Amino acid sequence: MSGHHISSAKFLWGIGIALFFLTFVTVAVTWIQIPEPWNIVVAIGIAVVKALLVVLFFMNLYWDSKFNSLLFIFSLIFFGLMIGITLLDTLFRNDPTPLF
Amino acid sequence: MATSEASTTYKKIQVRRYKPEENPEKNYLNEEKGLWAWLTTVDHKKIGLMYLASIAFFFLVGGILALILRTELWTPARSFLDADLYNQVFTLHGAIMVFFFLVPSVPTVLGNFVLPLQLGAKDVAFPRLNLASFYIYLIGALFTLTAILTGGVDTGWTFYTPYSATTGGNVIMMTLGVFILGFSSILTGVNFIVTIHKLRSPGMTWAKLPLNLWALYATSIIQILATPVLAITLLLLTMERALGIGIFDPALGGDPVLYQHFFWFYSHPAVYIMIVPGFGIISEVVSTFSKKIIFGYWAIALSSLAIAFIGFLVWGHHMFTAGQSSLANLVFSFLTFMVGIPTGIKIFNWVATMYKGSIDMKTPMVYVMIFLFLFMIGGFTGIMVGALSVDIHLHDTYYVVAHFHYVMVGGMVMAFLGGIHYWWPKMFGKMYSELWAKIAAGILFIGFNMTFLPQFIMGSQGMPRRYFNYLEQFQPFHQTSTVGAYLMGTGFLIVAIYLTYSLFKGKKAGPNPWGSRALEWQTASPPPLHNFEHIPVIINGPYDYHKPMSEFQLGVASKHNGHHAEETVDVPESAQEKA
Amino acid sequence: MSSTSATEEKRLDHVQHHFVDSEQQFESAKMGMWVFIVTEILMFGGLFVAYIVYRSWYPELYLEASTQLNAFWGMVNTFVLIGSSLTVAMAIRSAQLNQIKGLIYNLYITIGLAFTFMVIKYFEYSEKLGKGIAPGEYYTYDGLEHEKANIFFSIYYMMTGLHGVHVTIGIGLMIWLVVKAKKNVFHSEYYTPVEITGLYWHLVDIIWIFLFPLLYLID
Numbered sequence: 001m002s003g004h005h006i007s008s009a010k011f012l013w014g015i016g017i018a019l020f021f022l023t024f025v026t027v028a029v030t031w032i033q034i035p036e037p038w039n040i041v042v043a044i045g046i047a048v049v050k051a052l053l054v055v056l057f058f059m060n061l062y063w064d065s066k067f068n069s070l071l072f073i074f075s076l077i078f079f080g081l082m083i084g085i086t087l088l089d090t091l092f093r094n095d096p097t098p099l100f
Numbered sequence: 001m002a003t004s005e006a007s008t009t010y011k012k013i014q015v016r017r018y019k020p021e022e023n024p025e026k027n028y029l030n031e032e033k034g035l036w037a038w039l040t041t042v043d044h045k046k047i048g049l050m051y052l053a054s055i056a057f058f059f060l061v062g063g064i065l066a067l068i069l070r071t072e073l074w075t076p077a078r079s080f081l082d083a084d085l086y087n088q089v090f091t092l093h094g095a096i097m098v099f100f101f102l103v104p105s106v107p108t109v110l111g112n113f114v115l116p117l118q119l120g121a122k123d124v125a126f127p128r129l130n131l132a133s134f135y136i137y138l139i140g141a142l143f144t145l146t147a148i149l150t151g152g153v154d155t156g157w158t159f160y161t162p163y164s165a166t167t168g169g170n171v172i173m174m175t176l177g178v179f180i181l182g183f184s185s186i187l188t189g190v191n192f193i194v195t196i197h198k199l200r201s202p203g204m205t206w207a208k209l210p211l212n213l214w215a216l217y218a219t220s221i222i223q224i225l226a227t228p229v230l231a232i233t234l235l236l237l238t239m240e241r242a243l244g245i246g247i248f249d250p251a252l253g254g255d256p257v258l259y260q261h262f263f264w265f266y267s268h269p270a271v272y273i274m275i276v277p278g279f280g281i282i283s284e285v286v287s288t289f290s291k292k293i294i295f296g297y298w299a300i301a302l303s304s305l306a307i308a309f310i311g312f313l314v315w316g317h318h319m320f321t322a323g324q325s326s327l328a329n330l331v332f333s334f335l336t337f338m339v340g341i342p343t344g345i346k347i348f349n350w351v352a353t354m355y356k357g358s359i360d361m362k363t364p365m366v367y368v369m370i371f372l373f374l375f376m377i378g379g380f381t382g383i384m385v386g387a388l389s390v391d392i393h394l395h396d397t398y399y400v401v402a403h404f405h406y407v408m409v410g411g412m413v414m415a416f417l418g419g420i421h422y423w424w425p426k427m428f429g430k431m432y433s434e435l436w437a438k439i440a441a442g443i444l445f446i447g448f449n450m451t452f453l454p455q456f457i458m459g460s461q462g463m464p465r466r467y468f469n470y471l472e473q474f475q476p477f478h479q480t481s482t483v484g485a486y487l488m489g490t491g492f493l494i495v496a497i498y499l500t501y502s503l504f505k506g507k508k509a510g511p512n513p514w515g516s517r518a519l520e521w522q523t524a525s526p527p528p529l530h531n532f533e534h535i536p537v538i539i540n541g542p543y544d545y546h547k548p549m550s551e552f553q554l555g556v557a558s559k560h561n562g563h564h565a566e567e568t569v570d571v572p573e574s575a576q577e578k579a
Numbered sequence: 001m002s003s004t005s006a007t008e009e010k011r012l013d014h015v016q017h018h019f020v021d022s023e024q025q026f027e028s029a030k031m032g033m034w035v036f037i038v039t040e041i042l043m044f045g046g047l048f049v050a051y052i053v054y055r056s057w058y059p060e061l062y063l064e065a066s067t068q069l070n071a072f073w074g075m076v077n078t079f080v081l082i083g084s085s086l087t088v089a090m091a092i093r094s095a096q097l098n099q100i101k102g103l104i105y106n107l108y109i110t111i112g113l114a115f116t117f118m119v120i121k122y123f124e125y126s127e128k129l130g131k132g133i134a135p136g137e138y139y140t141y142d143g144l145e146h147e148k149a150n151i152f153f154s155i156y157y158m159m160t161g162l163h164g165v166h167v168t169i170g171i172g173l174m175i176w177l178v179v180k181a182k183k184n185v186f187h188s189e190y191y192t193p194v195e196i197t198g199l200y201w202h203l204v205d206i207i208w209i210f211l212f213p214l215l216y217l218i219d
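Protein chains in written order, with this note's numbering: chain A, 1 to 100; chain B, 1 to 579; chain C, 1 to 219.
Derived from the structure by calculation, the hints contain no laboratory data.
Keep in mind that the hints are not guaranteed to be accurate.
[Claimed, not checked] Straight-line Cα separation of at most 30 Å, BS3-like style, residue types lysine-lysine; simulated pairs:
hint, chain 1, residue 1, chain 2, residue 2
1, A, Lys10, C, Lys101
2, B, Lys507, B, Lys430
3, B, Lys33, B, Lys19
4, B, Lys362, B, Lys430
5, A, Lys10, C, Lys180
6, B, Lys547, B, Lys11
7, A, Lys66, B, Lys12
8, B, Lys208, B, Lys292
9, A, Lys66, B, Lys208
10, C, Lys101, C, Lys183
11, B, Lys33, B, Lys430
12, A, Lys66, B, Lys507
13, B, Lys547, B, Lys12
14, B, Lys208, B, Lys505
15, B, Lys362, B, Lys291
16, C, Lys182, A, Lys10
17, B, Lys547, B, Lys33
18, B, Lys33, B, Lys208
[Unchecked claim] Beyond 10 Å from chain B on every Cβ pair, some chain C residues (computed):
hint, residue
19, Gly45
20, Trp73
21, Leu144
22, Thr160
[To be verified] Footprint (simulated), chain C over chain B, 3 or more residues, beta carbon under 8 Å:
hint, region
23, 184–193
24, 225–231
25, 242–255
On a predicted model such as this, the values are computed, not experimentally measured, just so you know.
Note that the Cβ used here is the ideal one computed from N, Cα and C, for glycine as well.
Take these sequences, add in the hints, and give me the full structure.
Structural data, given as structure tokens:
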């Protein structure tokens, strides 16, 4: 529960450079035309890694109270519920009855 | 957090007993005087009272609109409103009652007033934010009133697209008003969550948290998770009208059912924002007036959280006939049934608390009985409209209207009235007339059932909602309903009169007129500006009626009071609090 | 709040009456901000739902319409925002170490980067609006064949617009921080507003991290 973690300047720059590098990678992979579903997976995957770096080390969640992490995770779960359940409708509009 | 129960560490605190003062000279009402001091106060109690005034005003407006509707429905044909005006009146009745009364009422009035008292804190975590959220509420209200005066809104409180994107009137102003109001709701939620986590007095562990606070905690969680989605929905709707962005408008290539998903992702959990704090009040009142420890503490506490969670999974049951996929219909109908489980658990535990208790039928307890009776009807009819096949028949009929009012008025408003009557002596230090209070409760009960029972019958026979005229066969039902509505109006008027009267002529209430063990009663009535003259120390649960009163009035012994009898108690150390 | 003497008094005068100590106040404020971040995520979440639903319906629309977005300037803006996130983190570090000058310099750089972001955004918007790529009804561009191209750009404008509003609010907050820092309000025991604003700014950054590949890099 140390709310006052002080990162070294070197460490912060390291994270920053990693983020710059990943941004470059995510643009570079579009040049090599990955086939259909995988290009989205790669793009989102890189974005998730970048977001995690920011959340854990810039926002200090790695050293912070566990409850704050819990809050963050909960927001993602509820976003997942919102999109997941909405897709239950929008993806299956044309089926007259469910498959089972 | 909850894990601190497993490995409890104890620490010793020097305590002594602080008996609450009978007749304090100074309290939060007279310490700072003048209008300016009220308008700029950061005291949670005063903010609660300012909310009470504004909410009472909106309840009055919404109530008058309801009476206008009921009067128009006295005859099958047109009486005195034309169809357009009728549409505007029911829209405003719904929107005002939902967004300006039901959603904020219990958290902002009773929550603000009672929450820090029950925690033993001096204030909420962010007092200035609390005041800000009050003013944001007022600004939202101002927008809405402007919308009414500059063209009105006739979309129904749900603002369904594409109608809301194309109809006349001032929809933008109205949606912006509700949008702003959402921020008020969010800020209150943020404040409550942090306060409950961080500002507990020594010994107030999660297992000793009053159930009212568990309910408010669950409510705040719903508020912060659902309200932002309402904000974005209304923003999109506003843009739809202003710029024609077309995401929800089929004429521009959009999908109106998507709007309903967005809207109900907020608005279904929102009905739990309305009712769950009511559950909290009921838990407090049942235990106090049965003079008995609450039955199933953890069952009640956790079922609040369960309702909060499941409430997010069921929004599609509002859209069974809207054209969503049949797979979604099926899943939503199934999930809807699950909400009944935690609700049933609660009702069972309240009744079990009363069992073999020494029940004292004071007014708050009368309201609990009314609540239990009416809310059960509301809940069971909810299961019926949640069933897919039945709902196809009942959708958009008076049956749904009656169900909603049984849950909201019969459940939430009755719980709110119970809470007001329960904490009134604490708020103002005055007792109201017990006789008149019971008479009014009786009138409300009879009036309510007269109003809404006939609507179940009409609805099942096919009377659609939101129509200003109807077939002649429904006239007796509508007329009974109208008479009942006026009876209810009378009941609310009596409540307002004797409560106001009690402020000036009421008997003085002691610090603890009900003999409760809960912490908010262990300080003077009305409480001092900073709630307690000492730092309270908690060693028993809030419902431990088998323990002597003296054990509930402990506080940290301050150094200059050394001549009093002191003793040392072991207090479990919570994760956050250091005394 | 501000006092020039560095006495013990000054170290504690930021603690409000209802908190036990500075630590409790700091932790409360931070938790409050995290709760607020939850609301922000769900608010943007609504827009992401709209994005995902329409993408699942019309994948070819997204492929076609995103060619109108300039991936190069999107990438530059991503670099700019990540850089500003880094300087905010450095600003907090300066405050923690009592280096008020460093704090102010880092905030200045952050404000500068945020402005750069908005200026680039402005040129992107005006280039599109000039071509007739306006949201919804006002869409007049005929270079795209898909009949729902207007919907894609409605979503684009809503997402980047709301994000832009957040950036603007962030600039305001940073300026407020600079003013306070110049009045010598912050020190290693009290830098709560810097920390809180930092959390907010990182969130704005994270949202852009997702917006960039989802809008600019579809092909």
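Structure-based check of all given hints:
Proposed proximity of A:Lys10 and C:Lys101 is supported: the alpha carbons are some 19 Å apart, at most 30 Å. Simply put, B:Lys507 and B:Lys430 have alpha-carbon atoms about 6 Å apart, close enough for the 30 Å limit, and the pair holds. Taking the CA atoms of B:Lys33 and B:Lys19, the gap is about 27 Å. The hint holds against a cut of 30 Å. Annotation: proposed proximity of B:Lys362 to B:Lys430 holds, straight-line Cα distance about 15 Å (limit 30 Å).
At most 30 Å may separate the alpha-carbon atoms for a hinted pair to count; A:Lys10 and C:Lys180 meet this at roughly 27 Å. Proximity of B:Lys547 to B:Lys11 is assessed by CA-CA distance (about 22 Å); at most 30 Å being required, the pair is judged to hold. Distance restraint check for A:Lys66 and B:Lys12: the Cα-Cα separation of roughly 27 Å lies within the 30 Å cut-off, and the hinted pair is therefore satisfied. For the hint pairing B:Lys208 with B:Lys292, the CA-to-CA distance comes to about 15 Å; that is within 30 Å, so the pair holds.
With a C-alpha separation of about 22 Å, the suggested pairing of A:Lys66 with B:Lys208 holds against the 30 Å cut-off. This hinted pair checks out: C:Lys101 and C:Lys183 have alpha carbons roughly 12 Å apart, not beyond 30 Å. Annotation: proposed proximity of B:Lys33 to B:Lys430 holds, straight-line Cα distance about 19 Å (limit 30 Å). This hinted pair does not check out: A:Lys66 and B:Lys507 have alpha carbons roughly 50 Å apart, beyond 30 Å.
Distance hint between B:Lys547 and B:Lys12 is fulfilled; the C-alpha atoms sit about 21 Å from each other, no more than 30 Å. Proximity of B:Lys208 to B:Lys505 is assessed by CA-CA distance (about 37 Å); at most 30 Å being required, the pair is judged violated. Between the alpha carbons of B:Lys362 and B:Lys291 the distance comes to roughly 12 Å, so the proposed pair stays at or under 30 Å and holds. With a C-alpha separation of about 26 Å, the suggested pairing of C:Lys182 with A:Lys10 holds against the 30 Å cut-off.
Restraint check for B:Lys547 and B:Lys33: not satisfied, since their Cα atoms lie roughly 40 Å apart, outside the 30 Å limit. A threshold of 30 Å between alpha carbons decides the hint, and for B:Lys33 with B:Lys208 the separation of about 36 Å lies outside it, so the pair is violated. The Cβ of C:Gly45 sits about 7 Å from the closest Cβ of chain B, inside the 10 Å cut-off, so the non-interface label is violated. For C:Trp73, the shortest C-beta to C-beta distance to chain B comes to about 23 Å, beyond the 10 Å cut-off, and the non-interface label holds.
Every CB of chain B lies more than 10 Å from the CB of C:Leu144, the least distance being 13 Å, so the non-interface label holds. For C:Thr160, the condition that its CB be more than 10 Å from all CB atoms of chain B holds, with the nearest at approximately 13 Å. Evaluation of the coverage hint for the region 184–193 of chain B: fulfilled, as 5 residues show C-beta separations to chain C shorter than 8 Å, against a requirement of three. Coverage of the region 225–231 of chain B by chain C holds [criterion: at least 3 residues with CB-CB distance below 8 Å; count 6].
Counting residues of the region 242–255 of chain B whose CB lies closer than 8 Å to any CB of chain C gives 9, which reaches the minimum of 3, so the coverage claim holds.
Hints 12, 14, 17, 18 and 19 from the list above are not met by this structure, while the remaining hints are.
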